Structure formats: structure tokens, C-alpha cells
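Following the hints, complete the assembly by docking chain B onto the known chain A.
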Amino acid sequence: MQASDDMTDWAGLMARVRDHQDRAAFAALFRHFAPRVKSFLMKSGADATLAEECAQDVMATLWHKAHLFDPSRASVATWIFTIARNRRIDALRKARRPEPEELDWGPEAEPDGADLFESRQETTRLGAALAQLPDKQRALIERAYFGDLSHGELAAETGLPLGTIKSRIRLALEKLRQQMS
Amino acid sequence: MTIRHHLSDQLLMSYAAGDLPEAFNLVVATHVSLCDDCRAQLAAFEVVGGAVLDRCDMAAMGDESLTACFARIDSLPNTPVRARKPARRNGLFPAPLADYVGGDLDRVKWRSVGAGVRQAILPTGKGASARLLHIPAGQAVPDHGHRGMELTLVLQGAFRDDSDRFGPGDVEIADQATEHTPVAEAGMDCICLAATDAPLRFNGLIPRLAQPFFRI
Numbered sequence: 000m001q002a003s004d005d006m007t008d009w010a011g012l013m014a015r016v017r018d019h020q021d022r023a024a025f026a027a028l029f030r031h032f033a034p035r036v037k038s039f040l041m042k043s044g045a046d047a048t049l050a051e052e053c054a055q056d057v058m059a060t061l062w063h064k065a066h067l068f069d070p071s072r073a074s075v076a077t078w079i080f081t082i083a084r085n086r087r088i089d090a091l092r093k094a095r096r097p098e099p100e101e102l103d104w105g106p107e108a109e110p111d112g113a114d115l116f117e118s119r120q121e122t123t124r125l126g127a128a129l130a131q132l133p134d135k136q137r138a139l140i141e142r143a144y145f146g147d148l149s150h151g152e153l154a155a156e157t158g159l160p161l162g163t164i165k166s167r168i169r170l171a172l173e174k175l176r177q178q179m180s
Numbered sequence: 000m001t002i003r004h005h006l007s008d009q010l011l012m013s014y015a016a017g018d019l020p021e022a023f024n025l026v027v028a029t030h031v032s033l034c035d036d037c038r039a040q041l042a043a044f045e046v047v048g049g050a051v052l053d054r055c056d057m058a059a060m061g062d063e064s065l066t067a068c069f070a071r072i073d074s075l076p077n078t079p080v081r082a083r084k085p086a087r088r089n090g091l092f093p094a095p096l097a098d099y100v101g102g103d104l105d106r107v108k109w110r111s112v113g114a115g116v117r118q119a120i121l122p123t124g125k126g127a128s129a130r131l132l133h134i135p136a137g138q139a140v141p142d143h144g145h146r147g148m149e150l151t152l153v154l155q156g157a158f159r160d161d162s163d164r165f166g167p168g169d170v171e172i173a174d175q176a177t178e179h180t181p182v183a184e185a186g187m188d189c190i191c192l193a194a195t196d197a198p199l200r201f202n203g204l205i206p207r208l209a210q211p212f213f214r215i
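Residue numbers (numbering that gives the first Met the number 0), protein chains in the order written: chain A, 0 to 180; chain B, 0 to 215.
The shape of chain A in the complex, shown without the other chains (with noise of 0.2 angstroms):
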């Protein structure tokens, strides 16, 4: 199966659902990335009616934390991805995770179109840059994002673009500070 690389505007979808419960976004959502879910955490070990479950979670919870997505700061998919890690370390590991110190991004400004339009882009285009990596080293990945790897198996470079996706974060971190000082 390919990336998905429709242009649905999946951020307006979630939008939808933020502010009107719109519950045909969320069946397109549902649709979209439930059946991703499910197979990202039978990847990780769960079996078919646990992964089922554990989606079912997981698109619950999209509902409920609509208002907290950021469309600037991720795209969809890689807020969801978060969301599934975290189920799976909960159902399959059954441990705690620490998180970093939630940033004060100040009231909920007007996201940024540009940002926004890029958090999208990266997502694609590191589906790109995955897809055309050679099938060891991708396998390699995968499997890490998986929960199948330990830290001492991953390989330091990973020959994935991130610099571009770090230098705007870090940007929109220093944007942050210089407001908060």
C-alpha cells in the first residue's frame, strides 16, 4: 500500500470535528487511518482483536482531543501516530511515559498557512523519502516505529531528510521564547 497521496485535507477534517462534531468527517477520518492503525499495532505484536480494540481507542480519542491538535505544529497522521504509540505502550508494555513539559503556545492564535501547509508536506514527502530508501535500512525503520527494536539496534544516521522539519520547529520554538520573555 502506497502513502496516501490524495490530497484530502485531513486538518480540515479535524477541524470539522473540533468544531462541529461533524460526524461525517469522522468517518472519513475513521475510514482513512483506523485500518492504518490496526495494522501499525499488529506490526507491533498485538493480535487481530487487541490491534481492533486499541484502534477503536485510538479514533475515540481523536474525537475527544480534537481541540488540543495543533494543525501547525503536526500533520495528522503524526498526531495520530502519537496517539497509537502511546495506546501500545499502554496495552502491550504496560509502562509509563514520561513526557516533556507542555510549551504555553499562548491563546489559540489563527494557525499559520504556511506552517500549516507544510506540516502536511513533510509527512508526504518523508513518505517519499522512506519509500525510496533501499529495503534493509527502511525495514530497519519501520520496525523501531513498530516497538520492535531496542535502542542499541538502530542505526545513527538514517538517511532520512529531517533537517528541513527541525529548523522550522526549532524557529517556531525560538518565536515562542522571544514572546514569553
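Among the clues, some could well be false.
To be verified - Below, in silico cross-link-like pairs of lysine-lysine (BS3-like), each with a Cα-Cα straight-line distance of 25 angstroms or less: (1) A:K93 <-> A:K64; (2) A:K93 <-> B:K125; (3) A:K42 <-> A:K93; (4) B:K108 <-> B:K125; (5) A:K42 <-> B:K108.
Said to hold, decoys possible - The following residues of chain B were derived to be distant from chain A, with all beta-carbon distances above 12 angstroms: (6) P20; (7) V27; (8) L104; (9) V107; (10) W109; (11) R130; (12) A139; (13) Q155; (14) D161; (15) G166; (16) H179; (17) D188.
Since the hints were made in silico from the structure, they are not lab data. All values derive from a computational prediction rather than experimental measurement. All residues carry an ideal CB built from backbone N, CA and C; glycine is no exception.
Chain B only, in chain A's frame:
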């Protein structure tokens, strides 16, 4: 705070992927709370996670799964989940560490491990252990090597070893090859958060005998 020693890409990626033992997660979360550079790199590794998820093939959901999901949504009270409050740090410990201690520095239950050094073991799950270390200014930590990986994050003061200086926010990543004698800088006691996936071994005789008692 000028941070010179950062987390490695391997550690940030493993944290993003959810592959680390809890004690290492605690060090990563605490360092990232202090370091915008690692926060940005961590966010980049989460984007990789999004791309990996997006590339997953589709495992068919049950016929009634969407209906079941709406039922699940409707069964829960529709009060919005509140965001975790952004931390206003007054004390020394960033929020993730304060959660484990149950407060700030004044809440730490120190135990002496000899030579003026004190430690407090923090409750974490299997795979690695975490503890706070308090080393008096100017005091050497007994010479020790490592069997596994050890992360040491400086929270206050600084220490030096043969190769470098580690100040507030810096994290030292040591492995089997690292054999060193860190010394706390004069002027201020050094407080660190350390996590290891193996028990430390000390080269001096007495600390080695003491090891089983103190879990160091």
C-alpha cells in the same frame, strides 16, 4: 542555559518510537523539557512515525467498527480532555522529573552512599533504573565503568571528567567503553539525574562491596 551535550539521534528516535525503558524515557523527557534543540529533533522523529503509520497497509476493520466507535464516543461524557498545563517551573526539576519525585528538590528522599555522595532511586519499570545523585562540590564520584548504557543529566552545578565539562542541562551518554572519574566542580554541589540499563560497578573495593546494599 547553554546546553553543549545533547541526546543522540538514536535516543531521540527510540523515544519517539516508544522503544526505550521507562528510566531512559524519564531522562529524555527531562532533557527535552530543558532543550529546544532536542525538542525540535524529537518532533522531526515523530513526523517519521506519522509517515510510517501512513505507509502501513490497511488491516480491514470489523463491519460495524465505525458504529461501535461512535457508540464508544457517545458512552463517554463529552467534556473536552484538558490539555496538560504548561509548566511554570519555580524549582529545579522539570515537570516529568517532579512527577516522579512528588515535588521538587526538598521532597527528595536522599540516602547516603558514602564519601558525602547521596542518591535517591526513583521508581521506574523494568529494563533500566533511574536515580538522583547529589555530589558535594569538589568531590569525585568513585571511579567506575559501565556494563550497559548510562545517561547522566546535570540539573545543578557541573562535573568534569577526563574529556569534558558537563553543566546544567547537559547529558552525558556513557557505555561499556567509558571508564572515567567524574569530579563535581567546586563552588556548588552537583545534582544529576542518572539512568542505566545495568548496575554500575565501582573499581574501588569498598564501593563494590557496598553495591548490593545500595543498588548503585
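Hints the structure fails to honour: 5, 6 and 7
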